[in-house]
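Asks: Residue numbers (the UniProt record's numbering), protein chains in the order written: chain A, 1 to 379; chain B, 1 to 379.
Rather than coming from a laboratory, the hints here were simulated on the basis of the structure.
Please read these numbers as outputs of a predicted model, since none were measured by experiment.
Here a beta-carbon is modelled for each residue, glycine too, at the ideal position from N, C-alpha and C.
Don't take each hint at face value.
[To be verified] Simulated DEER-style distance windows between Cβ atoms:
1) Arg243(A) with Ala67(B): 50 to 60 angstroms
2) Gln294(A) with Leu43(B): 47 to 57 angstroms
3) Arg160(A) with Thr184(B): 31 to 41 angstroms
[Claimed, not checked] Here are the simulated SDA-like pairs of lysine to any residue, each with C-alpha atoms no more than 25 angstroms apart in a straight line:
4) Lys86(B) with Val92(A)
5) Lys86(B) with Thr311(A)
6) Lys86(A) with Gly29(B)
There are 2 protein chains.
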Amino acid sequence: MSHVAEELRADITRLNVGLGERAYDILIGPGLFHEAGERIARLRPGARVGIVTDRHVAERHLATVEAALRAAGLTPTPVIVEPGEKSKCFRVFEEVVDALLAARIERRDVVLALGGGVVGDLAGFAAAALRRGVDFVQAPTSLLAQVDSSVGGKTGINSRHGKNLVGAFHQPILVLADSAALDTLPLREFRSGYAEVAKYGLIDNAPFFAWLERKWQEVFAGGPARIEAIATSCASKAAVVARDEKETGDRALLNLGHTFGHALEAGAGFSQRLLHGEAVAVGMAQAFRFSARQGLCSPEDALRVAAHLKTVGLPTRIRDIPGDLPDTDGLMDLIAQDKKVSRGALTFILARGIGRSFIARDVDPAELRAFLEAERGAI
Amino acid sequence: MSHVAEELRADITRLNVGLGERAYDILIGPGLFHEAGERIARLRPGARVGIVTDRHVAERHLATVEAALRAAGLTPTPVIVEPGEKSKCFRVFEEVVDALLAARIERRDVVLALGGGVVGDLAGFAAAALRRGVDFVQAPTSLLAQVDSSVGGKTGINSRHGKNLVGAFHQPILVLADSAALDTLPLREFRSGYAEVAKYGLIDNAPFFAWLERKWQEVFAGGPARIEAIATSCASKAAVVARDEKETGDRALLNLGHTFGHALEAGAGFSQRLLHGEAVAVGMAQAFRFSARQGLCSPEDALRVAAHLKTVGLPTRIRDIPGDLPDTDGLMDLIAQDKKVSRGALTFILARGIGRSFIARDVDPAELRAFLEAERGAI
Numbered sequence: 001m002s003h004v005a006e007e008l009r010a011d012i013t014r015l016n017v018g019l020g021e022r023a024y025d026i027l028i029g030p031g032l033f034h035e036a037g038e039r040i041a042r043l044r045p046g047a048r049v050g051i052v053t054d055r056h057v058a059e060r061h062l063a064t065v066e067a068a069l070r071a072a073g074l075t076p077t078p079v080i081v082e083p084g085e086k087s088k089c090f091r092v093f094e095e096v097v098d099a100l101l102a103a104r105i106e107r108r109d110v111v112l113a114l115g116g117g118v119v120g121d122l123a124g125f126a127a128a129a130l131r132r133g134v135d136f137v138q139a140p141t142s143l144l145a146q147v148d149s150s151v152g153g154k155t156g157i158n159s160r161h162g163k164n165l166v167g168a169f170h171q172p173i174l175v176l177a178d179s180a181a182l183d184t185l186p187l188r189e190f191r192s193g194y195a196e197v198a199k200y201g202l203i204d205n206a207p208f209f210a211w212l213e214r215k216w217q218e219v220f221a222g223g224p225a226r227i228e229a230i231a232t233s234c235a236s237k238a239a240v241v242a243r244d245e246k247e248t249g250d251r252a253l254l255n256l257g258h259t260f261g262h263a264l265e266a267g268a269g270f271s272q273r274l275l276h277g278e279a280v281a282v283g284m285a286q287a288f289r290f291s292a293r294q295g296l297c298s299p300e301d302a303l304r305v306a307a308h309l310k311t312v313g314l315p316t317r318i319r320d321i322p323g324d325l326p327d328t329d330g331l332m333d334l335i336a337q338d339k340k341v342s343r344g345a346l347t348f349i350l351a352r353g354i355g356r357s358f359i360a361r362d363v364d365p366a367e368l369r370a371f372l373e374a375e376r377g378a379i
Numbered sequence: 001m002s003h004v005a006e007e008l009r010a011d012i013t014r015l016n017v018g019l020g021e022r023a024y025d026i027l028i029g030p031g032l033f034h035e036a037g038e039r040i041a042r043l044r045p046g047a048r049v050g051i052v053t054d055r056h057v058a059e060r061h062l063a064t065v066e067a068a069l070r071a072a073g074l075t076p077t078p079v080i081v082e083p084g085e086k087s088k089c090f091r092v093f094e095e096v097v098d099a100l101l102a103a104r105i106e107r108r109d110v111v112l113a114l115g116g117g118v119v120g121d122l123a124g125f126a127a128a129a130l131r132r133g134v135d136f137v138q139a140p141t142s143l144l145a146q147v148d149s150s151v152g153g154k155t156g157i158n159s160r161h162g163k164n165l166v167g168a169f170h171q172p173i174l175v176l177a178d179s180a181a182l183d184t185l186p187l188r189e190f191r192s193g194y195a196e197v198a199k200y201g202l203i204d205n206a207p208f209f210a211w212l213e214r215k216w217q218e219v220f221a222g223g224p225a226r227i228e229a230i231a232t233s234c235a236s237k238a239a240v241v242a243r244d245e246k247e248t249g250d251r252a253l254l255n256l257g258h259t260f261g262h263a264l265e266a267g268a269g270f271s272q273r274l275l276h277g278e279a280v281a282v283g284m285a286q287a288f289r290f291s292a293r294q295g296l297c298s299p300e301d302a303l304r305v306a307a308h309l310k311t312v313g314l315p316t317r318i319r320d321i322p323g324d325l326p327d328t329d330g331l332m333d334l335i336a337q338d339k340k341v342s343r344g345a346l347t348f349i350l351a352r353g354i355g356r357s358f359i360a361r362d363v364d365p366a367e368l369r370a371f372l373e374a375e376r377g378a379i
């Protein structure tokens, strides 16, 4: 029966993330939030559903999703948090868990994350910890969340020592990526998510990067190219995650641009001054420039990466970021504090070319510092 | 090499808990805390070790353990919490995680739980959540923790909605059960732990229960009978956990006495008025009496269970608990709130005899209420 229903919607792309008994589907297409009830009820008929969302997303999508759940015989209870990274903290985590307990969410019930990356990370960790693990469905509402945080099972909150330092690996049982929901996003936020889309081309899929260079305007406009870009991104991430669920090896490739990027985000105080994807865009351009400086990849590839990111309107250099940032020493300290540090050695994702990234262990701090100094001086 | 070292200590019993790639050893014997460094260094040479402990346990054992770790080339950092159930809360969880991050505990390092069940549950959840999972060693200092909470990977904290409602399944890489450390326990606390020892006989090992009826004084006195009782208990629990790691089936048998017991603990405000094992003792006696009343087991077996628990000094009836408790309605409410509730149906562990317990689903609330009323009236 579910197959017939799928076939009725030729505009929906379905990906299966292969993780053995924890395999799940990612559905991508327009209008999926209207079908959330039916889709979840197929997996957990009659369940109670704790909908974790933020105030802004609730205004746009909560009524749709709640009505869909009720129509399918499910019992929704909304849990609304404030928008923004600050909600990824211990205090809000406790509030969300308590609210889910008050809603009597039990082991066979569902926690639904309706929102961007913050809501997904927070709700996912709450689902992982509630009664030591209840089922979890992602309904990502930002491009970033659809292509990144909704795939792979990473959940968590921030500590005063840094971002995402507390959490769990907890795979969803279903991801509903409503591509039409992205039409309500501000352009800057969509663009920030696009940085992660481009990342999948840079990691190991040069033809996808070339396709984006040609098609990026259609991806921004919506329609089939957008769905294809999201699906290709999710499939890339899913393939890496399936190879390495707990991030002991290959999965680190997904951090391309993230070590530099996290340091810049931290330096900017995780504010609206620099969105996550913007920081990743600068970080990816830097990773390629550093790779070229080390003789690992051609200067042409480094220029091509920066050119495309710049074309879509993303920053590619520290000087593109408004306001003050830490000096080179400060950035080096922030890089050393990054959680990807292993016994004090610096690990970076570098590249031998577009689509040819690799894990570089034991990067020489002196060379890194010289690079950052040169970056600062560059116009 | 490690085998030679093991053989030098004939007084140490080693159990391997078979959970595939997450298999680990439980070592039981006197003086293991003095060997903690050597034992951990074999698994994680050179690691930093965050020692989570409470103020009382720290006075007795921290210096020994810290010295042992340093001598083996490990780097210990103590994280000391207040003793008691109140430390199993969100606030202390955050403090512990932050302290472990400040100590720069990374993915290849270790969190060591040195203490009773509270410390084990709290430290285990902190280890599970820290950087989405770091390795965890248990050094249980109470009989209860040695035979129960140190085996099986359940970790967690309490919510205002109830006990252990927030946490993770996180298996330790090693358990060091120092049987000599139990000599410093108050008798009442040892006896409380003994209730869980007796439980393993009642679940599925009638010969072990009969052995305890004969040997309990030696178990209390210390020496080989104590080690054997701990080892048999751990092996029983390990066997159940290996069959059912995530508590979807058989593992529920370990809750014998716990549904009644938790309701009584909650009714007594989780205070020193009623220790966990004391509540379990009353709960087990009740589970057998309720089973006899339902015609499931013989009245003789129910009497024999209560007689042994009473002989060692444990309570077996509600009237044995000092102070006020909720009335029958109040107890029924507390039972319904227990996390083992599934879609509102009441699940209990009942018995067809000593060593013949089973999972009874859909227990009739009316019969349960009548039983509790009768219990209240009984002398």
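Asks: Decide, hint by hint, whether the structure agrees.
Replies: Outcome of the hint check:
no., hint, result
1, Arg243(A) with Ala67(B): 50 to 60 angstroms, "violated, 43 angstroms"
2, Gln294(A) with Leu43(B): 47 to 57 angstroms, "violated, 36 angstroms"
3, Arg160(A) with Thr184(B): 31 to 41 angstroms, "holds, 36 angstroms"
4, Lys86(B) with Val92(A), "holds, 20 angstroms"
5, Lys86(B) with Thr311(A), "violated, 56 angstroms"
6, Lys86(A) with Gly29(B), "violated, 48 angstroms"
In summary, the numbered hints that this structure violates are 1, 2, 5 and 6.
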